[in-house]
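S.K.: We have chain A already, so just place chain B on it with the hints.
Chains as they are written, first to last, in our numbering: chain A, 1 to 185; chain B, 1 to 235.
It is possible that part of the hints are untrue.
Stated by the list, open to error - Using 25 Å as the maximum straight-line C-alpha spacing, the simulated DMTMM-like pairs for lysine to aspartate or glutamate come out as follows:
# : chain 1 : residue 1 : chain 2 : residue 2
1 : A       : K62       : B       : E210
2 : A       : K150      : A       : E181
3 : A       : K179      : B       : E208
4 : B       : K5        : A       : E172
5 : B       : K5        : A       : D28
6 : A       : K62       : A       : E29
7 : A       : K62       : A       : D28
8 : B       : K5        : B       : E35
Hints were generated in silico from the structure; no laboratory data involved.
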Amino acid sequence: MNDQSTRCFTAGNTVSEKEAYTVRGVFDEHGRYVWRTLRHLGVAEAEIPDVCQEVFLTVHRKLSGFEGRSSLRTWLYGICIRVAADHRRRAYVRHERATAEPVADVGERTGHEPDSQVEQRHAVQALLELLDPEKREVVVLYEVEGFSMKEVAEIVGCPLQTAYSRLHAARELMLAALKRESEES
Amino acid sequence: MTDFKDPPRLADSATDARLGALFRSAREDVATDQELAQVAARLGPVLGPAPAAPAAGKLALLAKVGSGVLLVGLGVWGVSHQRAHEPLPAVSAAKPPVIAVPPPVATEPEVRAPSVEAAPALPAEELSPAPSSRTAPSAHTPTSARAASPVRDEAAILESARAQLASNPAQALALTAEHVKLFPRGVLSQEREVIAIAALRRLGRSVEAERRAEAFDRSYPHSAHQRTVDAEPAK
Chain A
1 MNDQSTRCFT
11 AGNTVSEKEA
21 YTVRGVFDEH
31 GRYVWRTLRH
41 LGVAEAEIPD
51 VCQEVFLTVH
61 RKLSGFEGRS
71 SLRTWLYGIC
81 IRVAADHRRR
91 AYVRHERATA
101 EPVADVGERT
111 GHEPDSQVEQ
121 RHAVQALLEL
131 LDPEKREVVV
141 LYEVEGFSMK
151 EVAEIVGCPL
161 QTAYSRLHAA
171 RELMLAALKR
181 ESEES
Chain B
1 MTDFKDPPRL
11 ADSATDARLG
21 ALFRSAREDV
31 ATDQELAQVA
41 ARLGPVLGPA
51 PAAPAAGKLA
61 LLAKVGSGVL
71 LVGLGVWGVS
81 HQRAHEPLPA
91 VSAAKPPVIA
101 VPPPVATEPE
111 VRAPSVEAAP
121 ALPAEELSPA
131 PSSRTAPSAH
141 TPTSARAASP
151 VRDEAAILES
161 ARAQLASNPA
171 QALALTAEHV
181 KLFPRGVLSQ
191 EREVIAIAAL
201 RRLGRSVEAE
211 RRAEAFDRSY
221 PHSAHQRTVD
231 AEPAK
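This is chain A alone, in the form it adopts within the complex (with noise of 0.2 Å):
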């Protein structure tokens, strides 16, 4: 393995600590994240595989460039983010939903305690369904992977006052949408 193309230095520490990520580190570290994260944004289960892959390719070739400015993990959420959203685009082109099965009312999903993972995760889904994508993102990242407000702002690239409003209305929107389903159940 080319050491140029698979290392890079970590974060805030100098060069000459000679403490370097690898391809390998940072699939064996965050893999299972990114999938998930990916799954959260919309992507089809089916296609998770494809879109992973094309994540890590990414971070194959750009692995040598990263210089540090921010963390490993901000960087590699940015790039989760952005491919995630390219998916979305070439999904929406070709006039197709982004997600491999139909996502009911979020009453349907909601409307009795899941029992299941997979109920959980459907009805994960159909809330986030309700949100665009910018609002997608900020409670993805948020919410599920943990980022702090001021990290999600600079990986989905907005100012954090943006990050902010478009966390409170994302969650305004959860919360009326389970509310009008607790009423009309």
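M.R.: The following block gives chain B in isolation, referenced to the frame of chain A:
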């Protein structure tokens, strides 16, 4: 690096019990080992050490051509099980891909036209395969079935080109031209250009090589291959 002004996360707060439960489940919904292994298998050597030590002659070649070409080879193999989407003639997966290359006389004009013009003009955002060739099998075909598909795909073509670089740069160049024709928006467009530029330099076509290298710089200003493209000046 948590901002203390950040609101409590839904999964940790009592804002709404159901919402909290859903986001707690979302946190736990990570990829399984099997799903992860599926991606790891597709990425192949991109993730780990080189598949096999090349023969001494090839090693010398790689040293001459530059480390980026090795990277190309690894990248090529990394997706070699993924890209079998274009309707190409089948080649046994058990054998190394054999690419029919037209005679040099016939190929020279072809090589220059599409590769110099078309490839660098593609924006970096379009490096992914064409949607139509990508999504259909993804949505409906099991991964195992795709992995067993004919392997004369974009990765195989470039791997052949890379292998030819030392002994027959003209053929390597012709193969990159074939790649341009078959995969104008292929995922390995950058790697193709690296091989093509190296081949042009080995053929002594320094003006074309530098023109193409400049086009590469313009099209992929942040590419990790840039230092490879720039490393070997025209002779």
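S.K.: Return the numbers of the hints above that this structure violates; sort them in rising order.
M.R.: 2, 3, 5 and 8
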